[in-house]
Structure formats: structure tokens, C-alpha cells
Amino acid sequence: MSFALEFRRKQQLLEHEVQHARQANKGFVSMPADCGTDTKGNRRRVLFALVIAGGVLAIFNSGGLVQYSYDFADSPGGEKMIEVSESWHDMMSESRMTEFIDHIRGSIAMARESSWQDLTFGFAAVPAEPDSSTQPQPLIVPANGESLPERKEHQVPEAAKPAGPIMRASARPSYPN
Amino acid sequence: MLFPTLDFALFFLAVFGISWEMRTRPEARKVFLLAASYFFYSYWDWRFAALLAGSSLINYTAGRLIGLSGTQRERKFLLGIAVTLNLAILGFFKYYGFFLDSLAHVLAQAGLERDLPFLEIILPVGISFFTFQGISYVTDVYRRQIKAVDSPLDVFLYISFFPQLVAGPIVRAADFLPQLKAEPRLDRSLVSLGILLILVGLFKKMVIANYLASELVDQVFFDPSAFAGPDLALAVYAYAVQIYCDFSGYSDIAIGVAALLGYRFRWNFNQPYRAASLKEFWRRWHISLSEWLRDYLYKPLGGSRGGSFATTRNLFLTMVLGGIWHGAAWTFVIWGLIHGTSLAVERLVMSFKTAPAPSAAVAAGGYGSGTIVSLDEPEESWWFSRTLGVLVTFHIVCLAWIFFRAESLDVALAYIKGLTNWSAPGEFTQPFLVALVAASLAAHFLPGAMVMSAAKALEPVGPIGLGFLLGFGILLIKAVAPEGTAPFIYFQF
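Residue numbers (my numbering), protein chains in the order written: chain A, 1 to 177; chain B, 1 to 493.
Read the hints as simulated data drawn from the structure, not as lab findings. Model, not experiment: these values are computed from the prediction. Glycine included, each C-beta is placed from N, C-alpha and C at the ideal position. Hints may be right or wrong, so weigh each one.
[Unchecked claim] Partial selection, computed: residues in chain B whose CB lies under 8 Å from chain A:
| # | residue |
| --- | --- |
| 1 | 188 |
| 2 | 191 |
| 3 | 348 |
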């Protein structure tokens, strides 16, 4: 019986300590690391992960390396750096490693350009019965027999286009009205 | 250097590797981190490093002197000097030009033109943040909440620590100084949380905030009179998302980077757009700033100790001054006025609610519901109240954002006028942008513990898994994000 009571007492103390620690650390992103933490092991883990991440980026985003090297064009060794990064980029392109990022960029560009009509046509499209004797008919025929209007690209009025940097600069003082 | 750049990645790789190598020599580690922080800050402009050092020296010296002072009067005097010096530095860089412009205008109106000493002043990056941290330190020493630190190294590092130096979070001395004294440790929870927060922060900033800024917000706010109601409405919602993702993204990266260096910060944002009242909003938005304003402005003004009128006045003044802190422009003053007025009205409305029944329980406050809810209240009624509160709060915040974002008062008023014109269709209300805004707002209603749960799930993952997660995560972000690296919005404050 004393063992059970002792076990129960320790459990309650532990719950109380956890509660107290949570309260003391309220608002923090994590609890403090305890004494047995393997800092050395975790440090190696992160360094290894950072190196692997760098390798992934160097392989699949070799174009970004070329862009970065252009910043050093005027520095000593800058020309060599550009040459090496461009050669690396050519190798990655030939190995089709850059296609992944190009494909995603293409998909995003398509999504950005799509309109509500594109989505509507996409949902409303009914597969036609295969009939080799007839020409394919449009899904929607204007009543007056004219051809469908071209999809209007959204156009920003010239006056609305900011002439300078697009991010807002520091606030300028204005006189009270 | 900006967080989402290769320069910073290389810098952090070096700092991480070297600082952990020095973990058994804590003083040397602190010296290295201090040098790294000054290098980080000098990357923008080396001249400002001297300003940072000067500010740190003022606060360290004031803290020491206050700690050594015997009388309360002497302590108060020293605190006054330190706060005045801090605010003088901040005031000079932020408001000197505005003050002279206003003075020149007044003198011109009175026919007394003079050659005033106009200067081309460049606002140092992060000056507000490190000034506030300095004031926080000396005030906490004065209040005896912390002891004055003997080592200048600790104070200098506390004020200049690079993850939070330029745009927060505003870290309290009581939270950070003990961590500097303790042995630095890196456990799996800090590793997984750090990596996850960096990825989440990069996504918020580079994808969401940058798309909304470049494709919608900047164009519409540049000339709101050229657009109709649908575009203006979408743009203000988009700006609400943009500023949240920009700012919280930076905070996430800062907290993640600090975690990888073994330091724990507090959360700075907590899904603010799910707030059902302004009071709740300010407990979720820029938490470190709102707590700073509460502890170092609202409470010294009297807080809630002087009755209803005094409390409301203090609340109102705090928000207006908080608005002015953002910059020397009437738009920021009006932004503060909107929040101050709304908080005051909200407080008044809540005070008229009837006393609770014996079976009452406390629930989150909001418009349409009191802060006290009876256990007998139907659940549908509570949901309706909360939903109404969220919608009303969000739209009041958006109204204030119009003034916050607009370049001038005229632009803000033109924007509001334009919102009443729904005669023309929207040009920007295309699926991509609408979906981006809607999804980003909807994400505020996901479970708050999702990030922590995901971090917990990553703890057992080995270095190869973490490396691929980080590498492909950044790759996807770069693939999806628009070209270029825009600065963080809060750098200008």
C-alpha cells in the first residue's frame, strides 16, 4: 500500500511540476532543454541537414546560383565565379534537374493568368461523343451568331502603375488638413 | 542583410557552426554572437553600428547606476535621463524632418519664413525595436523586476542580438538575460521547431506577402481613384493578409533562427484575425509590442487604476502614441485613433453588460456577447455572437489598415470613397488572388497548435530527412514565389 501511495504522490508532484513549468514558460515557443540534452549530436544533425539542403538547392536551383554570382561580377574572382556557376547550371539543365522548378513556375504562371471564365469552362466542359464525321461544336454559341469575345486580360490603367519601387517607402510627413 | 537571401543563409551557416563549437566557453560564445550581430547590422550601413553601440552603452550605464543607487529619488532621476536619451535618439531620426516641415509650414503661414536646418536623415533600420528593448531593460531594473547586469557584454548582446534586432520580437530582458547566463543547449524540439518556423516564415513572406504586394496592393493603393469597389475591397483584405504574413513571417524566422542558436523567444502573433474583439486582437497581434505598450506606457499613465474615464483615456492615449510610433504622418495618427476609439467604445459597451448569473463562466469576449457567459446560454447563440464579433473586429482593423497603408490622408480618403462605388467590375478579382486572400484568412481558423504538433512530429526525423525537408521546402518556396526580394514592411519603423 505504501508503494502505491508513494507512486501516486510522485505522479501528482510530477503533474504539478509540469503544470508549473508550463505556466512559467507560457508564451514561449518551447520548454527549456533539460540537462541530458545531446547538444553535440543535435548540432551535427543540423549542420548535416543544412549541407544537404544546400546541395538540394544547388542541384535543382542552379539558376539561382548564377543570379547570385552576377552580384560579384566586379569583385576579384567574380568572373571565375560566374563561369563556374554558369557551367554548373548548364550541367544541371542538361541533366533536366532544373525542369522541376520550371514546371512549378509554369503552373503558377498559368494559375495567375487564369480567369473565372477559365474555371467555369473547366467545370462545365462535357466530353463530346466521338464522331469523326462532324466538326467539333463550341460548347456555348452566341445567339447572334458572332464569334465568342476574346478573354480580356486584366489591364491596369497607365496612371495607376507606380513609377518607382513597388514596396512602400518610409512614411512621408504630410501637413495636417 | 535580408533573411530570405543567400547572403544570410551563408552568414547563418557560419554563425551556427562556430557558435556551437564555442558552447563550452560561454563568454567567448557571447563575444562571437555580439560580433556577428554587429556584422549583420553593419551590412546595411556600418555607420549605424555606432548608433547601436551608443544606445546599448546608455542603457547599460543607466542600468548599473540605477542598480547602485540608494534612494528612490535618485533611481527615478536616472531612469528619467535614460528614457529621455533613448527617446531623443528615436525622436531625432524619426521625427526631426516632420517637425521641421511642420514648423516651416507654420512659419510660412505666419509670414515668418526662415532658413531652417534641414538635414537628409536616413532612418536606421530597427531603431524603434532596439530603443524599446533598451527602455524595457532600464525600466525593469528600476522596478526591481531584474537585477542590473554587471557584464556589458550581456546587455550589448541582449539589445543587438541579430535574429530580433531589426524587426522584433521585442524581447524582455527578464526572458533573455537568464538564457545568456545558462549553458546553451540544443535539443530536438528546438531543432525541429526552428527549421519548421523558418520554412513557414519564408513561405508567408516570400510567397503570400510578396504576391499580394506586387500583384495587387501596391498598384491599388498607389492610385485608388482608378479602381472600383471590388478591387478596393479585395486590396484592403489583401493588405491585411500581406502585413500579417510579412510581419509574422519575419517573427517566425527570427524565432526559428534564435531557436537553432539555443535561445527561446515568445510567440509574437497568435492568429490575430480570429479575434472577436479589439481587446482580443491586441492580445494576438504583435504581442511583444502590445505588451510593451501595456507595461511601459499604459501602466505608467495610470492603467486601469483611476476609474472608467481615466482607464479609457489611458487606453486611447496608448493607442494614439502607438500609432505615432509607426511614423510621423497623420495616417498613422488616425490609425491609432481608430484603434483607441474602438477599444474605448468596446470597453464602454462591455461595462453595460448585466452582472453574471450564479452559474456563469468566462468566455472570450466579443461584440454581441459579454465577457461573462452563462453556462445556460445556447451554443448556437455563442457561435453567432463570436462570428459577428470576428467579422466586426476584422473590418474595423481593415478600416484602420487603409490609413496605415495609404501614402497620405488624401489617398486614404479617396480609398474609402472608392469603396462605395460598385458600378464597375473588379480587374484584380481573379481566381488566383481571391483564392490566395481567402485561403490565408481561412488559415487563421486552423487549430493553433498545428505548428507545435508538426514540430513534435519532426523531432524523430534524422538529418537526411531534415535536410531534404529544408532543401525542397525552400526550393518550392522559391519556385512559387514572385521574382525579387522585397524588404520587410516593419523595417521602415
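Hints versus structure:
1. 188: Holds: closest Cβ of chain A sits about 6 Å from residue 188(B), inside 8 Å.
2. 191: 5 Å, holds
3. 348: 28 Å, violated
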